[in-house]
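Produce the entire structure from the sequences given, and follow the hints as far as they go.
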Amino acid sequence: ASQQGHVPDRLWVDCVLASNVDDTLAPNGRHMLTCFVQYLPYSPAQGSWDDRRELLGDQVTELIGQFAPNVPGSVIARRVYTPLDLEQTFGITEGNIFHGDISLEQMFFMRPLPRWSRYETPIQNLYLCGAGTHPGGGVTGAPGHNAAHAILQNN
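With this note's numbering applied, the sequence shown has no gaps in its numbers, which climb one by one up to 156 at the end.
These aren't lab readings, by the way, just hints derived from the structure by calculation. For each residue, glycine too, the CB sits at the ideal point set by N, CA and C. Please note that the accuracy of each hint is not assured.
Across the chosen pairs, the derived CB separations fall in these ranges [said to hold, decoys possible]: (1) ILE124 x GLN89: 26 to 34 Å; (2) GLY48 x LEU105: 30 to 38 Å; (3) GLU55 x MET111: 36 to 44 Å; (4) ARG31 x PRO123: 24 to 32 Å; (5) HIS146 x THR94: 17 to 25 Å; (6) ASP15 x GLN154: 20 to 28 Å; (7) ALA69 x ASN155: 44 to 52 Å; (8) TYR40 x PHE68: 42 to 50 Å; (9) GLY145 x GLN47: 37 to 45 Å; (10) ASP86 x GLN125: 22 to 30 Å; (11) MET108 x SER44: 22 to 30 Å; (12) GLN89 x HIS146: 29 to 37 Å; (13) PRO123 x GLY74: 55 to 63 Å; (14) GLY6 x ALA69: 29 to 37 Å.
Next up, the structure:
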């Protein structure tokens, strides 16, 4: 659906309740919930993200309500970032936090390019790490860990 510019009927949402472990993020008795929706189109097939932003927020809130019924009525503020917002605010190309598709042609020894898949580049002592390198993004730290080991092995 997203490749054709449509928001999927079934959203894939990762939620983090960071204020549960850091009470400085929200006032006493409140929480801050961050939701990350994967597989959204960069450009909607109909309209713009300005037209669809709040609708997406409503869809996410409704979905969370299916699993946590008290959440929708407890929301006092929200900010919806679309893929376009991520690009404009954080410089992430097309809002893709993985810096490229996580697909067969962009995985393992093909990520980011076959000759650079082991973190080393043709420029001496220039190594790559981050979401665009194997095994990809997702806040695992694995690309940095792997690049550091490549540096240690080569020096």
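Any hints from earlier that this structure breaks? Give me their numbers in increasing order, please.
-> Hints 4, 6, 8, 10 not satisfied by this model.
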